[in-house]
Amino acid sequence: MDAPDALIATLTGGTATAQRIDSAVAVRTRLVALRTDLGQAAAMLPPDGGRWRSDAADRYAERLRELRSRVLGGVERLDAAAAELDERIRRMEAELAAYEQAERDAHERARADREAALVEEARLARRAAERTDASGARR
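In the numbering used here, each number is its position in the sequence shown, counted from 1, plus 10.
Each hint should be verified, as a subset may be incorrect.
Label pairs and their computed distance ranges (CB to CB) [said to hold, decoys possible]:
hint : residue 1 : residue 2 : range
1    : T46       : R75       : 21 to 27 Å
2    : D143      : Y109      : 40 to 46 Å
3    : Y109      : R141      : 26 to 32 Å
4    : E125      : A90       : 48 to 54 Å
5    : V35       : R87       : 16 to 22 Å
6    : E97       : S64       : 23 to 29 Å
7    : E118      : T25       : 29 to 35 Å
8    : A67       : T27       : 40 to 46 Å
9    : R87       : P56       : 18 to 24 Å
10   : A112      : R75       : 52 to 58 Å
11   : G49       : A112      : 39 to 45 Å
12   : H117      : M54       : 56 to 62 Å
13   : D96       : Y70       : 49 to 55 Å
It is worth saying that the hints were derived from the structure and are not from the lab.
Ideal placement from N, C-alpha and C gives every residue a C-beta, glycine not left out.
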């Protein structure tokens, strides 16, 4: 599965697997790196600096402020996406843990059922042997 398909599968849900959780964690790592880069870029853009010496410089400064605002908006959206992804990772881990516990429980029930069947089989074999011994003693 290529990376975009894995990302879509991770973000849209489905059956939790260790591989999907690892993929989601990898996506989360990339989001953090992107958020850090955008945050640093926003910090390099000048804040509102008032009026400059010319109308052209003022328009340039205004565009820089708009760019800074958009970059900071992107940082906020990345933070929200990372928080949602963290929640999805937590739910997938819980789902996988529940599945693994159910598997262990099913194996334990099957083992207990096999043991109970063996005990019952041994009991029936003893009873049959006792009946054979009792009928042989009556002759």
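Tested hints:
Under the hint 21 to 27 Å, the C-beta atoms of T46 and R75, about 22 Å apart, fit the expected range. For the pair D143 and Y109, the supplied restraint of 40 to 46 Å is violated, since their beta-carbon distance comes to about 51 Å. Checking the proposed 26 to 32 Å range against Y109 and R141 shows it is violated: the Cβ atoms sit about 48 Å from each other. About 53 Å separates the C-beta atoms of E125 and A90, a value consistent with the hinted range of 48 to 54 Å.
Separated by about 20 Å at the C-beta atoms, V35 and R87 satisfy the suggested range of 16 to 22 Å. One distance hint, 23 to 29 Å for the beta-carbon pair E97 and S64, is violated here, with the actual separation near 49 Å. Checked against the hint of 29 to 35 Å, the C-beta distance between E118 and T25 comes to roughly 23 Å, which is inconsistent with it. In this structure the supplied range 40 to 46 Å is violated for A67 paired with T27, their Cβ-Cβ distance being about 56 Å.
Judged by the Cβ atoms, the range 18 to 24 Å given for R87 and P56 holds: they are separated by roughly 22 Å. Remark: the range hint 52 to 58 Å for A112 to R75 is upheld by a beta-carbon distance near 55 Å. The hint said 39 to 45 Å for the Cβ distance between G49 and A112, and at roughly 42 Å that hint holds. About 57 Å separates the C-beta atoms of H117 and M54, a value consistent with the hinted range of 56 to 62 Å.
Checking the proposed 49 to 55 Å range against D96 and Y70 shows it is violated: the Cβ atoms sit about 39 Å from each other.
When the structure is compared with the earlier hints, violations turn up for hints 2, 3, 6, 7, 8, 13 and for no others.
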